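Below are the chains, spelled out letter by letter.
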Amino acid sequence: MWSIRNVTAGGLSTTIREEQAVAGCRRRRETAWDGVAWRDAVANHPDLLKAEKARSRRTLLGTLCAHTPVEIFHAFDIVPVRLWGAGADPGGADPLLQSFICPPVRQIMAMGLAGRYDFLDGLVHAYSCDAACGLFNIWRRNLHPKFAFQLSLPYMDTPEALAYAQVEFRRLIAALETLTDRAYEPERLRAAIGLYREARALLRRAYAHKRQDGGPSYADLYRLSLALQVFPVETVLPWLTAFDAAADGPAVAGDAGTTRLMISGSLCADEALFTEIAALGGNIVLDDTCIGYRTLLGEAAPEGDPLTALARHHLARPPCSARADFPARRAYFREQIEAFRVEAVVFIHQKFCDPHLADHPFLKTVLEERGIPSLQVELEGEGLTGQIRTRLEGFFEMIGKNRP
Amino acid sequence: MGEPMDAQKTTKRLKANTALREIIAEFYTDGHRAKAEGRPVGWIPPMNGLIELFYAMDIHPIFPENWAPVCAAIGTNRQNFAACAGHGYADDLCGYFRNNVGYALDGIDAPDQPLGGLPKPDFLISFGAGCIPTMKTFQVLCDHFDCPVIRADLPQVAMEDIGEHHLRYGVAQIKRLIAFLEDLTGRRLDLDRLSQAVAWTDEACRLWDEIMALRAAVPAPFSAAEIGIMFVMVTRHGTPIAVDFLRDVLAEVKERVARGVGVVPDERLRLFWDNIPLWYNMKLFNYFEKWNAVVVAETYTSAWTLRMDPAKPLESIAYKSLVSYPLVSCVSLEKRLELIRKAIREYRIDGAILHSNRSCKPISMGQLDIQRMLNDELGVPAVLFDGDHMDGDKFAFAPFQTRIDAFIEMLLERRASAHAPNP
Numbered sequence: 110m111w112s113i114r115n116v117t118a119g120g121l122s123t124t125i126r127e128e129q130a131v132a133g134c135r136r137r138r139e140t141a142w143d144g145v146a147w148r149d150a151v152a153n154h155p156d157l158l159k160a161e162k163a164r165s166r167r168t169l170l171g172t173l174c175a176h177t178p179v180e181i182f183h184a185f186d187i188v189p190v191r192l193w194g195a196g197a198d199p200g201g202a203d204p205l206l207q208s209f210i211c212p213p214v215r216q217i218m219a220m221g222l223a224g225r226y227d228f229l230d231g232l233v234h235a236y237s238c239d240a241a242c243g244l245f246n247i248w249r250r251n252l253h254p255k256f257a258f259q260l261s262l263p264y265m266d267t268p269e270a271l272a273y274a275q276v277e278f279r280r281l282i283a284a285l286e287t288l289t290d291r292a293y294e295p296e297r298l299r300a301a302i303g304l305y306r307e308a309r310a311l312l313r314r315a316y317a318h319k320r321q322d323g324g325p326s327y328a329d330l331y332r333l334s335l336a337l338q339v340f341p342v343e344t345v346l347p348w349l350t351a352f353d354a355a356a357d358g359p360a361v362a363g364d365a366g367t368t369r370l371m372i373s374g375s376l377c378a379d380e381a382l383f384t385e386i387a388a389l390g391g392n393i394v395l396d397d398t399c400i401g402y403r404t405l406l407g408e409a410a411p412e413g414d415p416l417t418a419l420a421r422h423h424l425a426r427p428p429c430s431a432r433a434d435f436p437a438r439r440a441y442f443r444e445q446i447e448a449f450r451v452e453a454v455v456f457i458h459q460k461f462c463d464p465h466l467a468d469h470p471f472l473k474t475v476l477e478e479r480g481i482p483s484l485q486v487e488l489e490g491e492g493l494t495g496q497i498r499t500r501l502e503g504f505f506e507m508i509g510k511n512r513p
Numbered sequence: 216m217g218e219p220m221d222a223q224k225t226t227k228r229l230k231a232n233t234a235l236r237e238i239i240a241e242f243y244t245d246g247h248r249a250k251a252e253g254r255p256v257g258w259i260p261p262m263n264g265l266i267e268l269f270y271a272m273d274i275h276p277i278f279p280e281n282w283a284p285v286c287a288a289i290g291t292n293r294q295n296f297a298a299c300a301g302h303g304y305a306d307d308l309c310g311y312f313r314n315n316v317g318y319a320l321d322g323i324d325a326p327d328q329p330l331g332g333l334p335k336p337d338f339l340i341s342f343g344a345g346c347i348p349t350m351k352t353f354q355v356l357c358d359h360f361d362c363p364v365i366r367a368d369l370p371q372v373a374m375e376d377i378g379e380h381h382l383r384y385g386v387a388q389i390k391r392l393i394a395f396l397e398d399l400t401g402r403r404l405d406l407d408r409l410s411q412a413v414a415w416t417d418e419a420c421r422l423w424d425e426i427m428a429l430r431a432a433v434p435a436p437f438s439a440a441e442i443g444i445m446f447v448m449v450t451r452h453g454t455p456i457a458v459d460f461l462r463d464v465l466a467e468v469k470e471r472v473a474r475g476v477g478v479v480p481d482e483r484l485r486l487f488w489d490n491i492p493l494w495y496n497m498k499l500f501n502y503f504e505k506w507n508a509v510v511v512a513e514t515y516t517s518a519w520t521l522r523m524d525p526a527k528p529l530e531s532i533a534y535k536s537l538v539s540y541p542l543v544s545c546v547s548l549e550k551r552l553e554l555i556r557k558a559i560r561e562y563r564i565d566g567a568i569l570h571s572n573r574s575c576k577p578i579s580m581g582q583l584d585i586q587r588m589l590n591d592e593l594g595v596p597a598v599l600f601d602g603d604h605m606d607g608d609k610f611a612f613a614p615f616q617t618r619i620d621a622f623i624e625m626l627l628e629r630r631a632s633a634h635a636p637n638p
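As you go down the protein sequences, you meet chains S and A in turn.
Under this note's numbering, residues 110 to 513 are what the first sequence spells out, in order.
Under this note's numbering, residues 216 to 638 are what the second sequence spells out, in order.
If we strip away everything but chain S, and leave its shape as in the complex, we get:
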């Protein structure tokens, strides 16, 4: 339950306002994905979101980084939609982006140019890497979204950073008030924080099963992580609840592989890769990616000022390759591979991705120190190619030979 002071505001007690806010946030409403099985919904999310936009005129905003404070959007009844390119041909971005820009950025731009994201009302970037920053600006200039906002968040956990992060969030809130013609209500933000806490906790439980010896397939974990980043949280919560109820049961289709494996990289969104790894004997128990487990860690406190809680949550987030320093990344990496008893790592890097390419040597050293084998594959926007398949086969063959 919330920690609530019994003061009145606007004629309603805070308690009542918050209860109403929670009820409002949870309210089941008609959507374009009603009756669609969740796996299908995730696979077809651009089409479904487009249909939802046409149906309800609800505001949808594209986001470019996991550090976007999705709870704030939810408090304004906006659907934050994470963009990652979704397998588009990066060549579609040629009129605006050079070929040495990473494939996901080119793919997102290609989809934008092809009108695949026309259902979005705008774009928000929580500053991450150079390429995403460039994409934001080029998108804004060429696709003329109704709304475009760049958050410049701090990366260190200091009192000044906390104060600064709150001002940045307030800047975003002011812009969203103008966009939606709706006043910011702290109760709604607190309610949104509560919903996302609940959803992330359920998804972490699914990963916790993988931490043991059972658990669902990684492909499902990946899809659910994505679901939480492209659909409203109130839509995903029932999916997660049902999934959680069955997550470690006998009917769950887990991964048959025996090698406990972690994938690491930025936007690893090629399901065919996961399937191939599983087919070769890998059991992906954990990911270290920008759209996976890291997005689920840490919590905004449910009590106190919600904006402060959200800012604290942001500052304490797990270290990402784009902004964190080596010691923090190294410590996080070590902790996770130990906690999940990782036996092998596949680095799935996007070509030209500076943050991850620069981190690779020291992360590899962490693994070598523990005798954990690793493989690096580079994606060029074509997903699982024959060359990558061959390299994965060789890697698993090597692991098999070295097993006692």
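Simulated from the structure, these hints should not be mistaken for lab results.
Just so you know, not all the hints are guaranteed correct.
[What the hints assert, rightly or not] Pulled from the structure, derived: some chain A residues nowhere near chain S, Cβ distances all over 12 Å: (1) K230; (2) Q294; (3) C299; (4) L330; (5) M350; (6) V364; (7) P370; (8) R391; (9) L429; (10) L465; (11) A473; (12) K527; (13) R551.
[Stated by the list, open to error] Straight-line C-alpha distance at most 27 Å; calculated DSS-like pairs for lysine-lysine: (14) K255/S <-> K609/A; (15) K550/A <-> K527/A; (16) K469/A <-> K527/A; (17) K255/S <-> K162/S; (18) K469/A <-> K460/S; (19) K469/A <-> K557/A.
Keep in mind it's a predicted model, so treat the numbers as computed, not measured.
For every residue, glycine included, the Cβ atom is placed at its ideal position computed from N, Cα and C.
Use these hints to put chain A onto chain S, whose structure you have.
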């Protein structure tokens, strides 16, 4: 492949280049002298307001990013790249990163280095600002050198969005840094000395703008081939060295303008250059001269178009730290377009050369928008060529030549048609 080294001697016209060579040598000698005398040497990222703080506290700054062009010019970049690759770093990473990491991890201990090499750091500042490769370079250095490190944080904000709270946060970071430096040196910062350093930087920036503005003269008094003068803007801000040197440059440039002395005898085309030069092949700027074409303005030299207030030294250096990177990168694409529009008008540009630079994504992103803006909005033709500011293996001279030759011929025809009498 780039041109062979023996073909790469750049033709420079400013007499100031003699003094510049001495300033460059003295900067590195001073670093070694500082080390020998027990004055701290700190390695820092480029283009921020820390240098004024360093000089005000008698700390010698070393900028790996500035060392990289030196390596490219003298040809040691290749061995640094090889060393970097040997440590497992990808060839797709920025050439500055690959050079500086290779140098710091291996090359720094090599005997008989040009300019004596770099003195090892007594401390490092890992600043979460600027581009990712710069940030990552310092993370590698912090991991490698056994010395004190201060990690700082500065948000990336588009020029037009910088607000009071950004500045306040920048000042808070600067104060943390001051406490670190005071602790390290055992001395208090003298704010009057910092104000003086800020005043010198402000004057250097003012002189810089005045010098750059004189390039609007026809014929242009000097071309991008002389852009090495920016060395003082990177390494000697906060000192009278930059001010004195730039005063001499200004006097020389004024004199050339007064006498109508240009780069070429009969200047016919005025060109604009976008992105970082090819440091291993500065002679490329002379290539245009065979058509009496001169590169008279660049985006890169705009990084110091700023003013500082000696009465507010902390705010000034925080502001400098916030704006230097967005001024030239894609953090602020609209601002960059505005800057180019202004340059095209003021420098009476006939055509633009856009270096699509594999080593610098933040500056290269947006170039296709720049090209379209120039063509469609201003009617100024622009050509894009593939290159790399550090790695000659990623630049092919023949395709460059083919593309540039055709482009210049088109500009000349265009000019001839514009000047042809009406039938």
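Numbered hints the structure breaks, given as an ascending list: 3, 5, 6, 7, 8, 13, 14, 16 and 18
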